[in-house]
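Please construct the entire structure, taking both the sequences and the accompanying hints into account.
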Amino acid sequence: MTDTKTTLSNDLSTEQRTPLLKRLTGANTLWIGLVLLVLVAVFGAIRPDAIFQVTTLQFLLAETAVLLVLSVGMTFVIITSGIDLSVGSVLVFASVSSAMAMNAVSGGDATNAGWGVIAFGLLVAVVSGAVWGLLNGLLISRAKIPALIVTLGSFGAAQGAALLLNNGSNVSGIPDRLNRTFGSGTWFGIPNIVIVAAVVTALGALLLTTTRFGRYTYAVGSNEEAARRVGVSVRGHLTKVYLLAGTLAGLAGFMGNAFFRVAVVTGHETDNLNAIAAVVLGGTSIFGGMGSVLGTVFGVFIPAVLEKGLVIIGVKEFWQPIAVAIVLVAAVWLDQTRRRARNQR
Amino acid sequence: MSEPLLEARDLVKHYGTVEALRGASFSAYPGEVVSLIGDNGAGKSTLVKCLSGVEQPTSGTLLFDGKPLTLSSPNDARDRGIETVFQDLAVAPDLDPAANMYLGREILKPGVLGWLGVLDKKKMRRQAAEHFSRFGATLQSIDVPIAALSGGQRQSVAVARSVAWASKLVFMDEPTAALGVVQRERVLEVIKRVRDEGIAVVLISHNMPEVLSVSDRVEVLRLGRRVARFQAADTTVEELVGAMTGALSHEDVA
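The listed protein sequences derive, respectively, from chains E and R.
Counting with numbering that gives the first Met the number 0, you get residues 0 to 344 for the letters of the first sequence.
Counting with numbering that gives the first Met the number 0, you get residues 0 to 253 for the letters of the second sequence.
Think of the hints as simulated: they come from the structure by calculation, not from any bench.
Here the structure is a predicted model, which means the values were calculated and not measured.
Built from N, CA and C at the ideal position, the CB exists for glycine as well.
Among these hints, one or two may not hold up.
In silico contact screen, one side only, chain E against chain R (beta carbon under 10 Å); selected entries [claimed, not checked]:
id	residue
1	Arg-141
2	Ala-142
3	Lys-143
4	Leu-164
5	Leu-206
6	Thr-210
7	Gly-213
8	Tyr-215
9	Ala-218
10	Gly-220
11	Asn-222
12	Ala-226
13	Arg-227
14	Gly-230
15	Val-231
16	Arg-234
And the structure:
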């Protein structure tokens, strides 16, 4: 008896973990990252002068920052096997209400407003995003209405509400100070808005990979019933995930205000689809249970790099959506085949 | 044997107009393997659901350690050291075995990190590996998704998980259904080992030789009622089948 026990504990000391290299090559993320790298290398080889220019890169990053923040929230939602079509509209709503709130507390025009007003604007943006997210979450988890329908509803409703707020026109009067620091400001050549997006992304990645919240996100997406039976509050968790997506959309709206110096009511109709495409491109499974924030980062940059690159090398930019579509469908097909192969044992 | 650990008296469960249980009784004693058998539709699964808090009986009483008990959720049962291996396994296929074992019971890092909800993955992996090897679940690696394991390995993970947390009683709803010969033996080994640690095991199975080889007692359900109780040592497959089909009856017959 003692003999068997010692052999058992010996087995355990050599922890049964897959080697790091194997774990890396087995992950979708690595391959998606390579695709991005190859794209950059190909465009860079064709036009090194234009691609590796500081302003080109700065612009590329800054333009992508807002979408990245939306996509981080979308990653959590899709891992729970849900979907959020409302992010773009919620972004518009948050951006309009935040701009109007800043104007209102500065007597009609916030252009010269100080940090207090800006902080208030940030709060309004984040809270209005959070309210839409909470509404989505409650309808999905408590009323059991499919996420597709709930967020299709709030996609329309948030856009409509944003138009109602200012009678359908853009809101100007964004504080100069906000635009100078967070819109066009840079830190060692990196646009500040990109740093904000990077911090949000890093926090999102940590939340997903290291915390209980992240693990429940995977568990709910992988097998809701199993999660429920072990005592995970599935309803509460889903509510929180949509709340997170809404809050991040609110923050993205505020970042848009800072970058464009105006709260625009149009031009975000396809943000939801872009965010979903980025998340899925990044290897997150549309069926839930699998995915990563790092993959989403790659997934956000692949379409952006394609668009910029095609323009620079002189291919009509209309090819970009076609190229993205091909990569997207291929990514889902790959995911499905992998899953089927894995589940067949 | 003294006092039953868990006892059900005259449980009735209606689903709409369907009567799944019509006054079923059941008892499990500490440190025994008791099999619950019956034909399809006899009410085994419903009874287990009522006893593990997944469903609430329409009427009837539950006694735990001799005291009345109400189970309003699976957590209620779990808090009392009652675990269940469900027939459909209910594991999260994308999570690895360690994550599945600790799902809902995650170990957090000490200090500020733990307060932030940061998991102590290393500790969970180590303890899970220790536990799996103790209960005979041989896994090549502890960090691949459950879906990448074979059906038998998945089953052993589900069994090992419940056994890990049960301090009083484990329900196992057909734990050997999808298993090969070797793995089946191993699960039966685990059942005996759990019993020897003083935990009651309630086994639901359709495999009569298996029931007789591993159980101490057998209780038979038929049409939503308990119709017979046997000491496993004194009975035969023929007798069990007779009780299940109604050819023989011993008790509770109206």
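We went through each hint and held it up to the structure:
1. Arg-141: violated, 17 Å
2. Ala-142: violated, 21 Å
3. Lys-143: violated, 19 Å
4. Leu-164: violated, 36 Å
5. Leu-206: Status holds, d = 8 Å.
6. Thr-210: Interface hint status for Thr-210(E): holds (4 Å vs cutoff 10 Å).
7. Gly-213: holds, 8 Å
8. Tyr-215: Given a least distance of 8 Å, the restraint on Tyr-215(E) holds.
9. Ala-218: holds, 5 Å
10. Gly-220: holds, 7 Å
11. Asn-222: holds, 5 Å
12. Ala-226: holds, 7 Å
13. Arg-227: holds, 8 Å
14. Gly-230: holds, 4 Å
15. Val-231: holds, 5 Å
16. Arg-234: Hint on Arg-234(E): violated, closest Cβ of chain R at ~13 Å, above 10 Å.
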